[in-house]
Structure formats: structure tokens, C-alpha cells
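Chemist: One line per chain: the protein sequences are A and B, in this order.
Okay, so the first sequence: first residue is 1 according to the working numbering, each after it adds one.
Okay, so the second sequence: first residue is 1001 according to the working numbering, each after it adds one.
No wet-lab data here; the hints were simulated from the structure.
We put the CB at the ideal spot given by N, CA and C, even for glycine.
Hints should not be assumed to be uniformly reliable.
[As the list claims (entries may be wrong)] The calculated DSSO-like cross-link candidates involving lysine-lysine, where the alpha carbons are at most 27 Å apart (straight line), are:
no.	chain 1	residue 1	chain 2	residue 2
1	B	Lys1412	A	Lys35
2	B	Lys1593	A	Lys610
3	B	Lys1090	B	Lys1029
4	A	Lys610	A	Lys631
5	B	Lys1610	A	Lys593
6	B	Lys1676	B	Lys1316
7	A	Lys318	A	Lys178
8	B	Lys1593	A	Lys90
9	A	Lys316	A	Lys610
10	B	Lys1035	A	Lys35
11	A	Lys437	A	Lys412
12	B	Lys1318	B	Lys1178
13	B	Lys1593	B	Lys1583
14	B	Lys1035	A	Lys29
15	B	Lys1437	A	Lys593
16	A	Lys178	A	Lys316
17	B	Lys1437	B	Lys1576
18	B	Lys1610	B	Lys1631
19	A	Lys178	A	Lys35
20	B	Lys1610	B	Lys1593
[What the hints assert, rightly or not] Short derived list, chain B residues pointing at chain A, Cβ under 7 Å:
no.	residue
21	His1041
22	Met1156
23	Ala1160
24	His1164
25	Glu1165
26	Ser1258
27	Thr1481
28	Val1485
29	Pro1600
[What the hints assert, rightly or not] Label pairs and their in silico Cβ distance ranges:
no.	chain 1	residue 1	chain 2	residue 2	range
30	A	Arg140	B	Ala1511	52 to 58 Å
31	B	Gly1291	A	Asp633	39 to 45 Å
32	A	Thr692	B	His1086	43 to 49 Å
33	B	Glu1147	A	Ile22	53 to 59 Å
34	B	Ile1218	A	Pro509	28 to 34 Å
35	B	Pro1154	A	Ile22	26 to 32 Å
36	A	Gly595	B	Glu1069	29 to 35 Å
37	B	Gly1291	A	Ile218	20 to 26 Å
38	A	Arg140	B	Tyr1014	56 to 62 Å
There are 2 protein chains.
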Amino acid sequence: MATKTEDYLGIESYNVVGTRPIRHDGTDKVTGRAKYGADTHTSGVLIGKTLRSPHAHARILSVDTSAAEALPGVRAVMTGADLAQHYEDKVAAIGEESVNLPDLIKNVLASDKVLYEGHAVAAVAATSAHIAEEALDLIRVDYEVLEPVLDVRPAMEDGAPILHEAMRMRSLGQTTDKPGNIASHFQHSLGDVDRGFADADVVVEREFSTQTVHQGYIEPHNATAYWNLDDQITIWTSTQGPFEVRDQVAVVLGVPASRVRVVPAEIGGGFGGKFRVYEEPTAAVMSRMTGKPVKMVMSRTEVLKATGPTPGSYMKVKMGATNDGRLVAAQAYLAYEAGAYPGSPVGAGAGCIFSPYDIPNVVIDGYDVVVNKPQTSAYRAPGATNGAFAAETVIDEICEMLHTDPLEFRLKNSAREGSRRADGPVFPRIGHDECVKAAMASDHYQSGLDGPNRGRGVASGFWFNGAGTSTVMVSVNADGTVGLVEGSPDIGGTRTSIAMQVAEVLGIPAAQVKPMVVDTDAIGQTDGTGGSRVTFATGWAGYEAAVDAKRQMEARAARLWEISEDDVVFEGGVFKSRSAPEKSITFTELAGKLGATGGPVVGRAAVAGKAAGPAYAVMVVDVEVDPETGKVDILRVTIVQDAGKAIHPSYVEGQMQGGVAQGIGWALNEEYFYNKEGDLVNASLLDYRMPTCLDLPMIETIIVEVPNPGHPYGVRGVGEVPIVPPPAAVANAIYDAVGVRLRDLPMSPGRVLETLIRNSRGGNGRG
Amino acid sequence: MATKTEDYLGIESYNVVGTRPIRHDGTDKVTGRAKYGADTHTSGVLIGKTLRSPHAHARILSVDTSAAEALPGVRAVMTGADLAQHYEDKVAAIGEESVNLPDLIKNVLASDKVLYEGHAVAAVAATSAHIAEEALDLIRVDYEVLEPVLDVRPAMEDGAPILHEAMRMRSLGQTTDKPGNIASHFQHSLGDVDRGFADADVVVEREFSTQTVHQGYIEPHNATAYWNLDDQITIWTSTQGPFEVRDQVAVVLGVPASRVRVVPAEIGGGFGGKFRVYEEPTAAVMSRMTGKPVKMVMSRTEVLKATGPTPGSYMKVKMGATNDGRLVAAQAYLAYEAGAYPGSPVGAGAGCIFSPYDIPNVVIDGYDVVVNKPQTSAYRAPGATNGAFAAETVIDEICEMLHTDPLEFRLKNSAREGSRRADGPVFPRIGHDECVKAAMASDHYQSGLDGPNRGRGVASGFWFNGAGTSTVMVSVNADGTVGLVEGSPDIGGTRTSIAMQVAEVLGIPAAQVKPMVVDTDAIGQTDGTGGSRVTFATGWAGYEAAVDAKRQMEARAARLWEISEDDVVFEGGVFKSRSAPEKSITFTELAGKLGATGGPVVGRAAVAGKAAGPAYAVMVVDVEVDPETGKVDILRVTIVQDAGKAIHPSYVEGQMQGGVAQGIGWALNEEYFYNKEGDLVNASLLDYRMPTCLDLPMIETIIVEVPNPGHPYGVRGVGEVPIVPPPAAVANAIYDAVGVRLRDLPMSPGRVLETLIRNSRGGNGRG
């Protein structure tokens, strides 16, 4: 594999951390024994199916389920009205600070309006999938079809079709008094942007658009629910956030969270899209109606039409620099589609867009806008990729105008410890500088690129990273193995990356730790696997739990040797007596003596409220553009990323490569394609075109390690930031290859060709 | 329900301990949703079946599996030879102190000899149960049939058929040099028994026999195993001891224990019989052979023929007392059947037989004897019931000779704190006295009993109780519920009895604690559910884990109020500030603030090496004997038992009633009935006659509470001792009713009638 790890700062060496052991769940996964959500089997199970709206925007006038209920084999039929019952009570019960319950309930099952094609309207549970599907056809829904609005800019206009008659825009502390599709508007500002632009020698202002794209996880959403007579509800599901699912199911159903137990299955990809509940509450209600477990598994089409993609957006970005290559002002207008209900990642987009740089004068306006598409979900550094596409291509233009190397320019303007972000926070020690330097020093950037229609582009990316809450328990077995119990579903190898942090403390190999992901009743609060937080926070909890166990082991050694606990020291995997050097015992040996010295040792820890270490990535990409067809081939990619400390470098490299692959798909091919009625017409993986291995070269990786001073091993979190630079880097490379600036995603062959043709007629050309 | 709880010593009152909340797993069990072992479903599963010996004693000359292997649908065939492979390596790997590996392996699958009818010889895994059974018929085993020996006394004689040619008796530190069926002989002695008998005014010496009886659990043994390509083995099974199953499977298969994960299902009864592995290793090996999970579920006939019942026994007991009613000497000769391999509970029988009493001069000889029956397993106070049947009826004769009330006599001679047991230990605070007094004061004993052929009997019983190792984790959820993770399979309501001990510490209701029994990878070492240890030891671990959590909560309250931790006190479920009385917050309220004060709180504890508190029971029973048929009807029963502290009195009463019901079955009806070839001819629950509700009156219970000073709540453990008195008490009642002494179990109608007839001819009659 053409990847390379560079211990950039040459930090201290470890025994386990930084090595590449085999993952604990590898065999289960390659032999097909790992249990995914759809593998849930339970006796007497009913199969649930969902009836979905054929209209993008319509009022539900009536739902007649009588024919479906009469079909033999049908056990339950439910509608949005069933879920909306006791609605005010539920809202009152959860208080104001919780999730936006009305939207959550209506997205699960619409009761008054449908807001996107595929919006769930009713559901059936039957003795077989075929009967359930037949029953869906028998449900009669009368709709008053309304005009849809599908794009963010038309949705913001006066006179646009209104999705939520009662919604009022919150803007800078005010609430408007007339309905509209803008849910909220915020502004960040720093310095004096007008004076900044006045001081600038070059100013570039451009408009950009991106389309809705899906995370493209392979495993469809699924849920099996059983509501027992004692009102204990069990949910088996593939999810990034078992505790989040527990809490959402509880509030949607109006029951205490402790009544809901979520058993997380293995998960076939999530990327942010597997936090929100879809069919979990529906399955639970139909289980209560029937007294049987109810299983629901989405089709691919349902996943694409009715789960949360990341938003399309409209952006206007203006940046100014002085002739000596100093960024002095930046302004962004970001309007992101939220889909059917408020909650686009425009806030995160605003927090990220200029964060690789130290810019004294900034204004950013963000707009969260509802449109007749599925409600957006998180997708790997949500919101950041959109913004970076705009800012990083504007910077490329500025560099061209200043005749400056784009990496030199980035280094000169790089944010560093003490720089202030436009949204407020001051940076701790960060690694953008080091990433840019590593990119400049890379074999890729040092190599030439010859040939017609070929070009090179670079871009930087920023992501906050998350921290949140994690709980871990470790128990020392008599044979020296250590059970590690955690609540973080393992998407990218985190069983191993956490086990390694435990093993490092205890002086044993990673394979001697046996990680296990358990359900929400069997471990304390653990936030979901997202925000690049697991290796950071659950790893930290693992570290603390191991320290707790180690201290108890020291006490056991003291008891064994009849010496004081203060006299015991643990070094290099061996407990020793300071005063009597002949006394020493390995961790594994001492584990065998626990029964005789007081019983098993169990360590526990929870971490919460820690500050995560921000992440940076820099990408270099070479492309070749076919001027006849507009097709862009990726020739070579190098992704540089600051991991803080790479616990398991292979998995860090995997995250970097995966993020880049997804970013390139977003750049070149992927988009939700709606007809004017608002029907998604490419709702299959044949028509929704994600890159395959054949579309990409091996993605070269350079791990930079600027340790996060806020983590015991310096971990930052690595899962998200590599998706941020690709669209901008590819756009810059296309410009370098053929002299046209692409400002709308995806940069598909048709759009590239069209831009080339427009350019040849005297458009926006090179130089 | 005609039961009664008597707070005998009026000990301190609790909020939760001593109440009767609904059991946490009740709904799952009554709705059929609880998962038992046979409910294990996994894709691609093969069904395993076992070929069993039709002979009680035979040499295996050859096994031909070729025809079975050729049958379509058969995926694996294995024999004892497959399991015996690398046998010396396995023995070497586990060392001397571990289980008796050769016997364990040969009991799982015989390789050289079969030692009882039903002994497993070979196994098949196939795509269906029918194919597997058909394949069993195609396996040809050539046997050299040997004469069996089925009873303990013939087995001890010179010239008896020898089960194990290599076995030598260990007797009082010596090893004999010729083969025999006595595996071991031991002796306990106290004082000078000859002088004791010389001092006695009355001496009674009698011989007794009991038959093999089965625990009679409703759920058959089962095991599903999957051996993955990484040599990780998962076993799903209904067991009392997941960790014991893990360790046995590991040594039988010659793999480290950490490679084996045991997932305990719910369990439909065990009573001591569900600790040893039977088909678990077989299923695992066939899984390795096929790459598929293999599931094996025994039939009822297999359970009765080939799992461990409790032994038949021959006993001779001699006791002497002075005319003033003081026991001065006791002697016992106990020969217990071990079944096919050594390991009868004769040691426990010897430890219990005289332990209700303070007797200065005692000799006890114990013999462990192999016979051609299945290897015995534990059964509720194993070994104690046999001995008590002998000693407690001899005492009844002495009382009759001394014209003394049998409870007065027991009170006078009762063991108390400081009394020494014949096998060595000195008693701590115990409650036999209090039990006898409670029996004397009972409504039952104070009531008259009129009518012909009716009689009343009493008997005492003793059991050590167990302690062992348990690990518990608790985690505090934001809504104030507390997750309780434990490793003790719940047979008799221990989820609740442990949850109650946690709840008591935390000042919350039992229902606010959510207990969960997890697998061997998800919790630290926890010994099996047996020895009446769970409410004692896992409860204690729960108490300590809750204290650990409580201390952390106190620290959170301190942080919340910005005061010192020393200033926080927890009283009556409320955290308070000592110095600022206006500051107070309930446990549940504080739970909601953990996220903001440092994250989740997790408590953990392990207990090991604690001394259990001994248990006593006294039973009063009234019977009516039909002189025409010999049938004995139970008219009224009262069982008095010292629970130490009854955490959940209903479950204590349930244990008391269950133990008495089983003891009455053992007394009156139950026996393994072998023909002279050694075939078990009553291997069904139709022919193996256990009492039903219709056979028994409501069993009245009196809980005595003499707190165990060695447990935070005074718990002793209650599961076993109530089975000890019934056979003796019933025999004494029969004598009181019709004047004949029954000294052989079961006291079935035929045997009672025969004894009555013999007595009417001038036999061993009343007075």
C-alpha cells in the first residue's frame, strides 16, 4: 500500500500505541459472522413496511386504512395520527432543551403534511414482507398536492411555497412575523471587514452551489422493536448512537428513557447518517399494538429518498489579500438546505470555512432553509466541505493573481495556537502549519506533472472534532486477558484503537484486551460514534479505566509481597518493589493471583466535558480532463492530516482514504437529481453514482502528528476532516489543467464540458 | 398465600431490603419473551445429536462412522477419540489443581469404555435434526459388554466389576495398590467417640439407604457453539455457571479460557445440575469441523440418563445420649455413589450430618464410590439430605426412648456460636436455636393432630452456604435509573435481590435499578449461581459497587455546590450539605446533573474470599398413611429457616417451599429405577414421579432472621437448606402415624406397605 507514516514531531514512543495490530472483530466480519441489524432474528417476528408519499409537497386530507387492516396476515396498521397522540404531553415532558420533538415525530410519520417524496405516511406490520407490501397498496391517502420548492435560493424568495405555515425565522435575536422557509439566520464577525477589504490589494468574490449528496453507506437502515407488557421496549438496530436512539425513541413515544434498551448491531457504514431514528418508533408502536416483535428494513430506494443526506447549498464568498500575500478580510454568505425540517449544518460550515487561516476581519452570515427534500443529517465534517469548496477555490484565484505558490500562501496565512476563529474560540496547539509543510515536502508535490489537460490543485480543510461523554469498564481475567466493555459502536476499528490505549497502560499486547460493544443497559452513558470522538473520548475513558485497574493491581502486588502500596511501581508491564528490587511480577502473572489476593479487579471510568483537539488536512491532487467529454480522471492524490497521535496508523490511513474517496465522489459525480415535481429520479446506487476502486488511484496518506495536549496520548480524532478538501482541490486542479473555474458541484462531465464550451466563447478563462 | 414472615430478632428496618417488589424479569418470563438456551437462533446453524451407549458397562472396541458421514446432509461426525486428542498436552497445560480433566473429557464423549447407559459415544452435526438422528443409527459401535455394578455396597465388595482399572483408593493419606471402585475414604473425628458412647444411657444404631434422584429441572441441557476461524469460541447455553462452563470448555478443548465466551441464556431450573459441561465441547468441536454454529438440545430421556443426578447412598449412623437428654456421641459411616467418575458429595454430607448439634465426640467415615450410573452432580445442599435422613431419624428414636419432645431435644443439643463442627470449623453466630424455637412456637406445632393413621414428624437441617467470587458494575443514568450489570444467571429472583441491595444504598426504589446478566466477556469473574451464594456474594458486590457510585455522587454534589466533599452527607436518599442545611438534592435529581458535573458515574466492585453464613432449617410435617395401600399423604408442612436477612421475603419463601417440595418428592416417590443390565427404565417425567401441586398442601413458611455478621445486610443464603429436613421429617411422621420406621428411600407406597406388613408380623414397631 502506497501510504507513509511520518512521525512529524518525533514524539515519545509507545509499546502499543502507534503499532498496527489485527483488528479484534476482523474474523467475525470477513467470515460473515458479525451480526448486522438485519440479522436480528427473534421468534414470532412481524415484518413492518412503510407507506411513503408520492408527492414532494402535499396536505394529507384523509387516510383510510380499513382495507389494509382487513387483509389476512396484517396485524397492525398505523398512521402519523397514532404517533402524534398525546403530543402536547410529550412536548411538556421533555422540556424545551431537548430535540425538536414535533419535527422528529412528523419526520417519522407525517400527520398533516408531507414535505418530501418518500415521506413516511403510514406503516403496516404483517406476517410476511409480501403481505405487508400488499397491504400498503390498500391504504388510501387523499392528498391536496402543493407546489414544491426544491432549491435553497427559490425557497428563500418571497412568494415561495411555504413548507411550515407556523414557522418564523429567528434572525440575530429577532423573530420575523410572517411565514417563510428560512428557519434561522446568524452572523459571526471578527474585526472590521469593510476596512479589511479596503486594505486589500486583491479581492475575489464568487458564487457557488452544491447539490444534495448522500453518505452512501452500504447497509440500509433497520430496526427491530419489541414492546413488552411491562412497557419495557427493546430496540435492535444498526446505529452510530445507541444512546441517541434510546433518547429519541423515548421522547417520540413519550416514555422514560430508562424504559428503552437499545441493542446496537454491527453497522455497515454511517458517516453521520445513522443517528436519527426513522422506523424505530414505528416498529415499537406496532409491537405494542400486536404484542409481537416487529422488524423493519429499508430498501435502498427508501434510504436514498427518505433518510438524511447532506445539504445542497448556495454560497457567496469574498476574500481579500495584500500584495505581500497576507489575507486581510473574508466574507461569506452561506445558505444551506435543511431539507424538510430545520437543522442544516450551516453553523458548522460557518465555523469551519475560514478556520485554516488567521484572518483579522471576517463576517459570515448563515441561513438554514427548509426545502421539499428529506431532512438533512450529518455527513462527515457536516457543512465544512461545502464551505471549503468556496473558500479554498477563492484562495486559489488569489494565489494566481499574486503569483504565489498556493501552499506557501496557506503557510503564510495559517492559523496557529492563539489565532481566533470567526465564531469566537481561540485555537490551542493545532497542526495546520505542519500539514502544509508536509504537503510541500511530499514526494507528490515535489514531483512534476507533464502532459496536456493535466493539472494540480491543493486545498486545506478544518474540522472541530467532537468529545462528548464515554463510559468504559475493564476487567482483568485470571489468564491476564482484559475485558473491555464500551458503548461505542465500532465503525472504523475503534474496538482496537480503544483496546490499544488500555493495553498501553497495562503493559500488555492489544490482542490481550478483548473489546466488546454492549447495549445501553449494560454500560453508562456513551455518546454516539460520530464527530471523530470515539478514539479520542472512549479511548480516554479506556485509558482512565485501565489506570483505575492498574492502581488496584499495584495494591494487590503490595498485598502479595506484604509491603506498602507506595512501595510498588509499575514499569514496562512489570510490577516492582522500589525497596526490594528482587520482587517483580508481570501484569499477566499477577492477574493469575487475583483470586487469592482479594478477587477480580475491575476498572471503570467515564469522561465528559473534555475539549477535543481540532483537525486539519491538506490535499494535493492531479487530474486529467478529457476536453472532448468533460470527464475528469484523478491521476494522483496525497492527503496529509494531523492525527494528533495516530493510535493505529492503518485505521487513520483508512479514514483519510475513505474521506478523500467520498469527497471526490461529491466533487465529480454525486448529486440528488429531482424532477420539477420533486421526485428523486436517481434513487438507486446505479443512478446515484459513487466512485468505485476503478475510479480512483491508491490514495497516498501522510499522517502528521502534532499531539493534542488535551489527551493522554495526544489523540485528535481523524474520521471527518479528510472529506473537506477534495471538491476544492479537484476544482483547483481542473482549473490548472484546462483553465476553467468550476463553482458548482458536482463537476460532472456535462458541467465541465459546458463550462469549457462557455469559456472557449470568451468566458471566465485562465489568468 | 398461607406464609408468614417473622422478623424474629426485630433487626433494623430498611427502605427496600425486606420488601417484596415485582421481579424485573417477570414480564419477560410470563409473556414467553425470555430467551432460554433452546431459543438461540443463528444463521446457518447445524443441529447436533449424540449417540449414546445402550450398555451400562462396556469396552468400546471400534467405532465406524463412515456410513453416517456419507449420509447427505451430515456435516460432521465425531467420536471420543477426537476429543481425547492431545490429551497429555491438555493435562499438562492445566496443571494439577484444575478439574479432573480425563474424567471430564471421557464423560463428554467416551473413548475407551462406556460406564453407564446413555454415556455419550459419538456425535453428529447435520442440516436437520432428522438427518442427524438418522445418521446416529448409521454409526456402528462394537462393544465388549461387561457386567455392571449399580449399587454402592456391591461396588465396594472385593470381586465387584471394576469401572476404572487404573483407579486406586486414596484413604487417610494412603493410596491402595489394587484396583477397586472406592475412589477415596476420609474420616473426621472430634473428641473420643468410644468414651462418648460409654457415657451414653441410650444408643441407637441404624442402617439407611437412599436412591439416585434427579434435580428434575424442566429445561433440558442445551448448547449452541460457534468456533470462528480466529479460534474465538462462543457458547450460548443455559447454565448456572457461565464462567465454569468457559473454564471447562477451555480445558477440554485445550485452549486458553479467554478464547471462550459463554453467553448465558435464561435457565429453566438447575438446582446444582447445570454446572458441568455435556454437549458444549462437542458442539464446539463440530463447529470447528464445519465452520458453522452447531446447536444441541437434549431430550428429557437424555437428561435423565446422562446428566448428573444426586447419589444413592448407604449409611450407618449411631448416636448416644444421656438420660438427661444430652447427645454425647455420634458416629456415621457414609458411602455415597459417585456415578461413573469420582466426586460424590459425601464430603459435604459428612460436614452437614451432625452440624445442627453440639456433640463432643464424633467420628465420621466417608466413602466415594463409583458405580455404573451417570456421574453425580450437585443437587441443592448436595449430600446433606442423605445424611440428615439418617441422623434425624436416629434422633427421633432417641427422643422416643427418652420420652422427650423432639424439638425440646434439638434445642437442648443445638449448635451455637463457638460450637465445633466434626470436620473442624468453629461456628460463628448461627440460628439453629432460633429456628427450633420458631418451630415450637408455630401455629402448626401448637395445633393438635387428630385422626387415625396420622402422625407428625420434625427434623433439622444444616447447610454451609457458599461465598465465592462476584463482580458487579452499576451505572447511573441521567433519569436516575441505575444499570446493574452482573454475571450471575438468575434462577430464583436474584436480579431483584441484588437490585434491592443496590437500591438500598442509593436511596431509590428497586424498580429504579435495571439488572442485567451479561456474558463472560462483559463482566469480571463471577462464580456460578449455586451454593446459595448469589444474593449473598453478588448482592455484596452490588452493595459495594453502589457504595462506590454513591461516593462519586457525593463528590458531584460537592462540585455542584462548590463545597468540600467532606461537607456532603447522603441520608434517606438525599445528598445534603452538613454546613449549609438549605442545600439538598435527591439521588434522582443529582443523576440529572451528572453530565454537567463531570459525566456519568459508574461504580464497580468485586468480592472474593468472604466467609458465608451457615444456614439452618427445621421442618414440621403431618402425614396420613393409608394402611391399605401404603400411600402417604402430606397433610400440613411448616418450614422454618434462618435467612440471616431476607432481602426479598417472597423469594426466600419460594426457595423454602421449592426445597421442601423437592425433599418430599425425594422422600416419597423419586428414584432412578435400573434393571439388572443397568438400563434406566423410568427415564421420563411420567415414570420418574415428581410431586405436583396436587400432591402437596400449601407449604407454610416461617422466616427467621439471625443476621449474618459477615454480610452488610446480614444475608446468609437460602436456596439449599430447605431440602435437607424433609425425608427425615416425613419418616418420623410416618412412624408417628403408623408405628413403622422407614430407613430406605423412597418411602413409596409399596415400601411403606411392605414395612407395615413386616411390622404386623412382629417387626420393628412403635415403642
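Chemist: Would you pick out the hints that fail for this structure and give their numbers low to high?
Modeler: 1, 3, 4, 7, 9, 12, 15, 17, 18, 19, 20, 22, 23, 24, 25, 30, 34, 35, 36
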